[in-house]
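We have chain X; now place chain E onto it with these hints.
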Amino acid sequence: MSDSKIITNAEAPEGYSGEGFFATKLSDVVGMARANSLWPLPFATSCCGIEFMATMASHYDVARFGSERMSFSPRQADMLLVMGTIAKKMAPILRQVYEQMAEPRWVISVGACACSGGIFDTYSVLQGIDKVIPVDVYVPGCPPRPEQILDGIMRLQDMVRTESVRRRSSPEYTELLASYNIK
Amino acid sequence: MALENPVIQQALTDSFGSAVSDFQQIHDILTFEVAADSISEVMLFLRDDATLRFNFLTTLCGMHFPDASTDRQFAVVYHMHNWIDNVRIRIKCYLNAKNPQIDTVSSIFLSANWQERETYDFFGIIFKGHPQLKRILNMDEMVSFPMRKEFPLEDGGRTDKDDRFFGRTTDNC
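Read top to bottom, the protein sequences are chains X and E. Just so we're aligned, residue 1 is where the first sequence starts under this note's numbering, counting upward by one. Just so we're aligned, residue 184 is where the second sequence starts under this note's numbering, counting upward by one.
Just chain X, same shape as in the assembly (with noise of 0.2 Å):
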């Protein structure tokens, strides 16, 4: 786990604060209103995804750090939780799953079978989901714990946090997703 301690307030960025105003930039506002609240989608297909209902059950609960809501639905979600095996049958539901999200959008792909097909190592198991889709945040383990679900939760949120408004634009992102054959 990351040191960061449980607050119930997002911390303000840093900024200049006088009286009756408080002067920051724009994209670090942006990014702390997103970093605390990441609609999860959960796209679970074997054991890790109990593992991640363990997560959002009110034991770890994930909601602690802004994902209360699953979103079941790609269109309204920040964040693709990929969690298991994924045959290459699979993989262009996949592929359309990610492109029905709105961006931005960031991909956790967790244990050793989304990462890297794990112990799969077949004809018919995509080896690692990095071949057809953009990922954010990988999170090993066979399966990871809940805690370690929650750390590569809390390391996306990091890296959201100071995401720069304009990444999404960038032409290095467009060649990303270029990379991918994905428009």
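Be aware that one or more of the hints could be misleading.
Unchecked claim - A short, non-exhaustive set of chain X residues, derived as facing chain E with CB atoms under 8 Å: (1) G117; (2) D121; (3) T122; (4) Y123; (5) S124; (6) Q127; (7) I182; (8) K183.
As the list claims (entries may be wrong) - Here are the simulated lysine-lysine pairs, DSS-like style, with alpha carbons at most 27 Å apart: (9) E:K275 - X:K88; (10) X:K89 - X:K25; (11) E:K344 - X:K131; (12) X:K89 - X:K131; (13) X:K88 - E:K332; (14) E:K332 - E:K281; (15) X:K183 - X:K131; (16) E:K344 - E:K311; (17) E:K332 - E:K317; (18) E:K281 - E:K311; (19) E:K275 - X:K89; (20) E:K317 - X:K89; (21) E:K317 - E:K281; (22) X:K89 - E:K332; (23) X:K183 - X:K88; (24) E:K275 - E:K311; (25) E:K332 - E:K275; (26) X:K88 - X:K131; (27) E:K275 - E:K317; (28) E:K332 - E:K344; (29) E:K275 - X:K131.
Stated by the list, open to error - Just the calculated beta-carbon pair ranges, DEER-fashion: (30) E:T342 - X:D61: 21 to 27 Å; (31) E:N269 - X:N181: 54 to 60 Å; (32) X:S73 - E:E224: 31 to 37 Å; (33) X:E99 - E:D323: 18 to 24 Å; (34) X:I119 - E:V326: 22 to 28 Å; (35) E:E224 - X:E99: 50 to 56 Å.
No wet-lab data here; the hints were simulated from the structure. Cβ coordinates follow ideal geometry from the N, Cα and C atoms, glycine included.
Chain E alone, transformed into the frame defined by chain X:
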């Protein structure tokens, strides 16, 4: 009186002669070979005969023996079950590797429909007369029949797998 194996063997040899052969008991189940072109008649007889009454097709699957002679490289194995006397049998049909074709039994047992599609999917065995012979489990774009021994089990596109950790001796690192 339970249905005894010699009775089954006698009834089959009386009706089909040399099309049925090589009767033997393997792991408590009577096993025999049927010529590939007479599988429909044999199966219909086994189902409808008043004493045999093999009313259930438990499963069917393919086999591949790449080292056998060309006319016996593929086989389709059928398991049948008589629910009334609780007797099981196993039928093997050997096929020629140049043209692995056999008649469908999906008109006799509807349950054979998906099982024959699966056998086609993994072994490329053609079931003549099957209503919808297309891939069932693998993706449609696949060109190989993955359970045939000449196709590698691994995904060729893998980049981070070390054969030593998967119980294989070839070295790819």
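Results of checking the hints against the structure:
A hinted interface residue such as G117 (chain X) counts as satisfied when its beta carbon comes closer than 8 Å to some beta carbon of chain E; here the least separation is about 7 Å, so the hint holds. Checking D121 (chain X) against chain E: minimum C-beta separation of about 5 Å stays under 8 Å; hint holds. Checking T122 (chain X) against chain E: minimum C-beta separation of about 6 Å stays under 8 Å; hint holds. A cut of 8 Å between beta carbons decides the hint on Y123 (chain X): the least distance to chain E is about 5 Å, and the hint holds.
Interface hint status for S124 (chain X): upheld, as the beta-carbon distance to the closest one in chain E is roughly 6 Å, under 8 Å. A distance limit of 8 Å between C-beta atoms decides the matter here; for Q127 (chain X) the minimum to chain E is near 4 Å, and the interface restraint holds. Of the supplied interface hints, the one on I182 (chain X) is violated, with its beta-carbon coming no nearer than about 19 Å to a beta-carbon of chain E, more than 8 Å. Interface restraint check for K183 (chain X): the shortest CB-CB distance to chain E comes to about 21 Å, outside 8 Å, so the restraint is violated.
At roughly 32 Å between alpha-carbon atoms, K275 (chain E) and K88 (chain X) are farther apart than 27 Å, so this suggested pair is violated. Restraint check: the Cα-Cα separation between K89 (chain X) and K25 (chain X) comes to about 45 Å, which exceeds 27 Å; the hinted pair is violated. The straight-line distance between the Cα atoms of K344 (chain E) and K131 (chain X) is roughly 15 Å, inside the 27 Å bound, and the hint therefore holds. Restraint check for K89 (chain X) and K131 (chain X): satisfied, since their Cα atoms lie roughly 13 Å apart, inside the 27 Å limit.
Distance check on the hinted pair: K88 (chain X) and K332 (chain E) sit about 21 Å apart at the alpha-carbon level, within 27 Å; holds. About 15 Å separates the Cα atoms of K332 (chain E) and K281 (chain E), which keeps this hinted pair within 27 Å; it holds. At roughly 16 Å between alpha-carbon atoms, K183 (chain X) and K131 (chain X) fall within 27 Å of each other, so this suggested pair holds. A threshold of 27 Å between alpha carbons decides the hint, and for K344 (chain E) with K311 (chain E) the separation of about 40 Å lies outside it, so the pair is violated.
Annotation: proposed proximity of K332 (chain E) to K317 (chain E) holds, straight-line Cα distance about 21 Å (limit 27 Å). With a C-alpha separation of about 15 Å, the suggested pairing of K281 (chain E) with K311 (chain E) holds against the 27 Å cut-off. Between K275 (chain E) and K89 (chain X) the alpha-carbon distance is near 32 Å, which puts this suggested pair outside the 27 Å criterion. As the CA atoms of K317 (chain E) and K89 (chain X) are separated by approximately 15 Å, the hinted pair is consistent with the 27 Å bound.
Our distance criterion of 27 Å between C-alpha atoms is met by K317 (chain E) and K281 (chain E), whose separation comes to about 20 Å. This hinted pair checks out: K89 (chain X) and K332 (chain E) have alpha carbons roughly 22 Å apart, not beyond 27 Å. With a C-alpha separation of about 21 Å, the suggested pair K183 (chain X) and K88 (chain X) falls inside the 27 Å cut-off, and the hint holds. Taking the CA atoms of K275 (chain E) and K311 (chain E), the gap is about 17 Å. The hint holds against a cut of 27 Å.
At most 27 Å may separate the alpha-carbon atoms for a hinted pair to count; K332 (chain E) and K275 (chain E) meet this at roughly 19 Å. Proposed proximity of K88 (chain X) and K131 (chain X) is supported: the alpha carbons are some 10 Å apart, at most 27 Å. A threshold of 27 Å between alpha carbons decides the hint, and for K275 (chain E) with K317 (chain E) the separation of about 23 Å falls inside it, so the pair holds. A threshold of 27 Å between alpha carbons decides the hint, and for K332 (chain E) with K344 (chain E) the separation of about 21 Å falls inside it, so the pair holds.
A distance of roughly 42 Å separates the Cα atoms of K275 (chain E) and K131 (chain X); the hinted pair therefore is violated under the 27 Å criterion. Range check, T342 (chain E) to D61 (chain X): about 37 Å between beta-carbon atoms, so the 21 to 27 Å window is missed. For N269 (chain E) and N181 (chain X), the hinted distance range of 54 to 60 Å is satisfied, since their beta carbons lie about 57 Å from each other. A hinted range of 31 to 37 Å is violated for the C-beta pair S73 (chain X) and E224 (chain E), which are about 55 Å apart.
Take E99 (chain X) and D323 (chain E): their Cβ atoms lie about 20 Å apart, and the range 18 to 24 Å holds. I119 (chain X) and V326 (chain E) have their C-beta atoms about 26 Å apart, which keeps the hinted 22 to 28 Å range intact. Look at E224 (chain E) against E99 (chain X): about 53 Å separates their beta carbons, and that is inside 50 to 56 Å.
Against the hints set out earlier in the document, violations occur for numbers 7, 8, 9, 10, 16, 19, 29, 30, 32.
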